[in-house]
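Enquirer: Could you build all of it, start to finish, from the sequences and the hints given here?
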Amino acid sequence: MSQLFDRSSNALARTTMALAVVLAAGGLGLVLSLGQTSWVTRQNLLIKQPIQFSHDHHVGQIGISCGYCHTAYERSSSAGIPPTATCMNCHSQIWAQAPILEPVRASFRSGQPLEWVRVHDLPEFVYFDHSIHVAKGVGCETCHGRIDEMAGVTQAAPLTMAWCLDCHRDPVRNLRPRSEVTTMGWKPPENLAELQQELAREYNVQSKMSCSTCHR
Amino acid sequence: MRPERLFACALLALGIALAGCRQDMHDQPRLKPLRESEFFRDGSGARPIPAHTVARGNLRADTVFYTGKWADGQLADGLPPQVPFGRALLERGRDRYGVFCAPCHDSAGTARGMVVRRGFKQPTSFHDPRLREARLGHFVDVMTNGFGAMSSYASQIPPEDRWAIAAYVRALQLAEHAPVAELSAEDRERLAASGANP
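Protein sequence lines, in the order shown, are assigned to chains A and B. Using this note's numbering, the final residue of the first sequence is 216, and nothing's skipped along the way. Using this note's numbering, the final residue of the second sequence is 414, and nothing's skipped along the way.
It is possible that some hints are incorrect.
What follows is a set of in silico ranges between Cβ atoms, one per label pair, in the way DEER data are often shown [as the list claims (entries may be wrong)]: (1) A:15 - B:249: 32 to 40 Å; (2) A:173 - B:298: 37 to 45 Å; (3) A:98 - B:244: 33 to 41 Å; (4) A:33 - B:338: 51 to 59 Å.
Derived by calculation from the structure, the hints in this document are not laboratory data. Being a predicted model, the structure only gives us computed values, none of them experimental. Every residue gets a Cβ at the ideal spot worked out from N, C-alpha and C, and that includes glycine.
Expert: In structure tokens form, the structure reads like this:
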């Protein structure tokens with residue numbers, strides 16, 4: 001009886017086995033790394049909003065400060081989205097007839113709020129407090145990036161737990177004076193490390209690593 | 217273990233791991249600030265205060281602190297007792313003035329802010345005689361109720377910050393009309409160095 005397989009089958013069998021290992025490892029790697037991609041974290045994804053509001057224009061060019069609209073940024077667990085009335089403070093007279101702002105005027109007339117889409121959407125098992133981060137001297141741009149250069153706001157940070165813990169482990173290197181919290185493009189002084197140590201003492205900044213800091 | 221059994225185990229583990237890739241725990245029906253709600257007819261989870269009700273702690277019987285006016289409607293001539301005067305108040309005022317007022321009134325109070333330059337009706341300069349003589353409560357009243365083209369800022373600026381801003385506006389008025397002779401030697405030097413024409 002002749003051989004069923006010729007000699008080249010050996011090589012084929014070995015290649016197949018090697019490929020199977022590579023495929024399995026690659027598949028596992030893919031599954032594990034999927035959570036880091038913007039497909040899951042939504043980092044840098046442009047989200048369609050009901051109005052094409054441009055932070056680049058309002059903050060970068062006009063120079064309106066974060067707190068003018070996000071009034072609760074230093075007082076509440078959520079920085080807040082402004083009511084339509086805030087838009088109308090200026091747009092009652094500026095671009096008062098512009099078609100692009102018709103949804104704003106319609107909302108103001110009817111009292112029905114504009115339905116903005118949340119960009120920074122933390123999981124429901126995270127109890128995040130915006131005010132404490134501001135009170136401890138973490139700048140807006142540290143987490144949100146250069147909002148003043150964004151025509152449409154995207155999520156600048158991955159907002160993964162690893163990212164949170166990275167700062168919670170050693171918060172000092174992300175501190176700045178409270179007076180500079182809303183500054184975009186802050187130019188740190190040369191003695192930055194020294195200043196941050198000082199601020200950490202003054203603001204009583206602690207490394208918060210307990211589970212219950214964020215999860216209840 | 218035989219290879220096919222090992223393979224089956226690996227497949228099962230992968231299946232279990234993939235079954236964990238769900239967002240149910242991330243997206244629970246928990247009400248976050250300003251989130252939409254299916255429960256209320258208007259779809260808004262943030263509820264407006266019902267008419268004719270007062271939330272606990274919001275009685276605001278102390279009219280002068282909340283409105284800048286005494287109960288008889290007279291504008292207050294100074295700070296109310298719960299707002300202590302000091303450097304901290306003026307610095308808070310400067311900070312909040314920069315956020316809420318400077319877009320129109322500009323950082324010096326001369327009413328040439330960016331929003332005015334873009335076409336908004338120009339307000340009166342804070343250095344106008346009428347506003348220099350206005351009582352402190354006037355500024356708090358305007359922030360609380362609006363004035364002319366300016367809408368109310370009551371929902372954006374808490375009462376204590378309104379007083380801080382009013383105090384800072386007074387400081388701006390003082391600074392604009394301060395005689396050079398009254399400045400300290402150090403300030404006079406800085407003024408000369410800046411090249412400004414007093």
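Enquirer: Quick one: are residue 15 of chain A and residue 249 of chain B within 32 to 40 Å, going by C-beta?
Expert: For residue 15 of chain A and residue 249 of chain B the Cβ distance comes to about 58 Å; the hint is violated.
Enquirer: Holds or violated: 51 to 59 Å for the Cβ distance of residue 33 of chain A and residue 338 of chain B?
Expert: holds (57 Å)
Enquirer: Starting from the hint 37 to 45 Å, judge whether the C-beta atoms of residue 173 of chain A and residue 298 of chain B obey it.
Expert: Since residue 173 of chain A and residue 298 of chain B have Cβ atoms about 39 Å apart, the given range 37 to 45 Å holds.
Enquirer: May I ask you to test the hint 33 to 41 Å on the CB atoms belonging to residue 98 of chain A and residue 244 of chain B?
Expert: Given about 39 Å between the Cβ atoms, the range holds.
Checked against the numbered hints listed earlier, the structure breaks hint 1 alone; every other hint is satisfied.
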